[in-house]
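A.B. asks: From just these sequences and the hints, can you work out the full model?
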Amino acid sequence: MKRLFPIFGLLTAVLLSFALYEALVAAPTEQTMGNVQRIFYYHVPSAWTAFLLFFINFICSIQYLVRSNPVADKVTNWTVIAIAIAACIAAFVIRPLPEGIEPSSVATTGLMIAGLYFLIKKYFSRERADALAVVSAEVGVVFCTVVLVTGPLWARPVWGIWWTWDVRLTSTLVLWLIYISYLMLRRFSTSGQTPVLAAALAVFGALDVPLVYFSIWIFRTQHPQPVIGGGGSIDPRMLHVLLINWLAFLCFAGLVCWSRYRLEILQRELEETQALEALLEPRSPR
Amino acid sequence: MSTASAVPSGVTGATLAKDLRLEWRSKDAINSMLFFSLLVVVVFSFSFDPNAEESRQIAGGLVWVAFLFAAVVALNQTWARELRNQVLDAYRVSPAPANSLFLAKALGNFIFVAVLEILMTPLFIMFYKLRALGPAWQLLPVAVLGTWALVVNGTFFAAVSLRTRSREIMLPLLLFPISIPALLAMVNATTAILTGELSAKFWIVLLSTYDVVFTIACLLLFELVLNAE
Amino acid sequence: MVSSTYVDAAPIITLTAVVKQFGRFAALRGVSAEFAAGRLYVILGDNGAGKTTLLRALAGLAHPTSGSISILGTTDVRSVCHELGYMAHPSLLYDEMTGMENLCYFARLYGVADVSRGADNMIAVGLDPRLTRPVSQYSQGMRQRLSLARAVLNDPKILLLDEPFSNVDVRSARAMVALLAQMRDTGKTIFVVTHQAALLEGAADEFVWMEAGQITHRSRELQPVGAQ
Amino acid sequence: MNFLYAAYAATWIIHIVYLGTLVRRYQRLSKEIAELKK
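Which chain is which? The protein sequence lines are A, B, C and D, in order.
Heads up, the first sequence is in the working numbering, so the first residue is 1 and it goes up one at a time.
Heads up, the second sequence is in the working numbering, so the first residue is 1 and it goes up one at a time.
Heads up, the third sequence is in the working numbering, so the first residue is 1 and it goes up one at a time.
Heads up, the fourth sequence is in the working numbering, so the first residue is 1 and it goes up one at a time.
Please keep in mind that the hints were generated in silico from the structure rather than gathered at the bench.
As the structure is a prediction and not an experimental result, all values here were calculated from the model.
Among these hints, one or two may not hold up.
Chain A is nowhere near these chain B residues, computed Cβ spacing over 10 Å in every case [unchecked claim]: (1) L38; (2) S45; (3) L119; (4) P181.
In silico DMTMM-like pairs for lysine to aspartate or glutamate, Cα to Cα no more than 20 Å straight-line [claimed, not checked]: (5) B:K27 <-> B:E82; (6) C:K157 <-> B:D89; (7) D:K38 <-> A:E281.
In this text, a Cβ means the ideal position worked out from N, Cα and C, and glycines have one as well.
C.D. replies: Okay, structure coming up:
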């Protein structure tokens, strides 16, 4: 397993540099915004990666909470399967889908949710799922910071303002705040069962996201604002570069998560051995 | 979930009555809250001295920010009385369900914040020369749903922050990010009603979904948090 | 496993290899023991021996890091918590309320409807139910006694008492011991954690010594102090 | 134009700073493990 790490690292480095080349040079320059539009190739993939990581955190938190009680465990399994099936059906039944969303993407997200859930359930024990939750939250926050830095850097030259209450950008900001408070809760907690508290907060955060999205969407319709990146179809060549960049970012995120995960497991093993040691050697009465 | 044979009923009522009686005797929470929000109102009215038209635009934000901070003062004291002699342990040992304690505490907080709002709103109207152009009766559901949204999550996160080092800081840090949609809805609904240009219908729908979602989440997860010592 | 010196009735409480760790501090290090019903056990030991943690674990307030605790035949403490009475160092009472108000409130938590139960308990521990002063103005001894009254409010089968006699005058301490002995005779199982073991010499059925998170010794008599 | 490079540079600065903290934590951890082994 150790051998794979440098190879994967090398592959990611190559992919990243190729993606960088593609984004800066190969991709066609956008007519209206000019070259500054290329920030798009870093801004959007970082956002997607961040959302994916937060989603993994949500799944791990649910599993940590649910696996301790068998009944809830079964119920959640069935709900996840139901979500996947519902997504597939909805994809092809609901005809007037909102602009820019094809049926295939709805179905795949549904299946991805179920796939990811059962994948984590199979390969991660309850404690390991909690470790993965910490890892995905931390790395997710790093990617989210990138999004929140590149966003204004993009809005400034194009619209002359640093910040716009755009639906996606603001949801990212709120998500970032939620997960910063998640990480602070983990650090400041003095309870023996910090994972339980953190998992509860993660569930609250995840429940909050659609509400945030909906509330800002109403806010935007009442106060029209410029939209980051614009909706609608984009030039396939650009889409191609975007996907390459996303792949590169995903590999990079995988690399960072893996090493942070090793660090977390090592940390927990250290704490366990110290606890065991305290258990064995006779304690002098205080 | 407690599967005790005789699950005592009426515990929520008894706990709420106890909290209100104790609060009526000592009045420490309500006094600090009142004084705190009075300060916030006065400071706001100094820093912005709007004419009638402008004040309608910003009054919604100022009112709710003042009430938010006052609510945090109350929420920080929710569990103070239970911690003083670790009475929480006595409750946890008893067969009384955890959710009854949660509902009693949340309702208690709701009453405190509601009393505060009733007392402070006339001051706001006076200072900002407010007169609602839109349907003023809609302000009531907005206030009720909004206050419950803050209080239910606040009580839950007050219980969570019991287990952390810096308790008073932790509560707002946990509560504010999660309450952003509710805050946005309250402020914009109030402004919409005061200015009368837009309809507050959307915001009221959002607030009620928010309340339903988070009340259910709190009831499901509170027992875990209460017993996480 | 330190076997009990009695060989009879099925054990009401069984602990198997119970470990409780707070980070690196091991409060309980593999406690295994059985306790029979209807007996008055006295738990002795220095500070930090794990006595309080053991009581909290029995009361379901502290989840064991490993090992299991079976009370009244089940490991799910929540399902038998109406049979548990718990008294701790802190008074577990509301300072701003009077004695009777406290007992009425806690009676409601246990679903005990009749008010007279609270009054009887206060009289039993030697307090006047008509006392109108709030608990904050009680003396420490009176507060301990009210705390005991609260612990026995729901007539539990098992009583867990942590230092019930600390700073109580000898005369009332003896009265409390007599009360506990009388409760034991009605079939209750009582655990008393204390540093004043001498008070319980006549009444206690068994003394249990704990040190560094483990039960080291059990016997029916309180041997001369040197034995500890 | 320099906004473009600023954005790309910022991205990598953030990642490198984070990886730096990871490496520092890793060193502190391995030092602790070494002590434990003794």
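A.B. asks: State for each hint whether it applies.
C.D. replies: Here is what the structure says about each hint:
1. L38: It holds; L38 (chain B) is separated from chain A by about 29 Å at its closest Cβ, greater than 10 Å.
2. S45: 25 Å, holds
3. L119: At roughly 29 Å from the nearest Cβ of chain A, L119 (chain B) sits farther out than 10 Å, so the non-interface label holds.
4. P181: 4 Å, violated
5. B:K27 <-> B:E82: 16 Å, holds
6. C:K157 <-> B:D89: Roughly 19 Å separates the two Cα atoms, so the pair holds.
7. D:K38 <-> A:E281: 15 Å, holds
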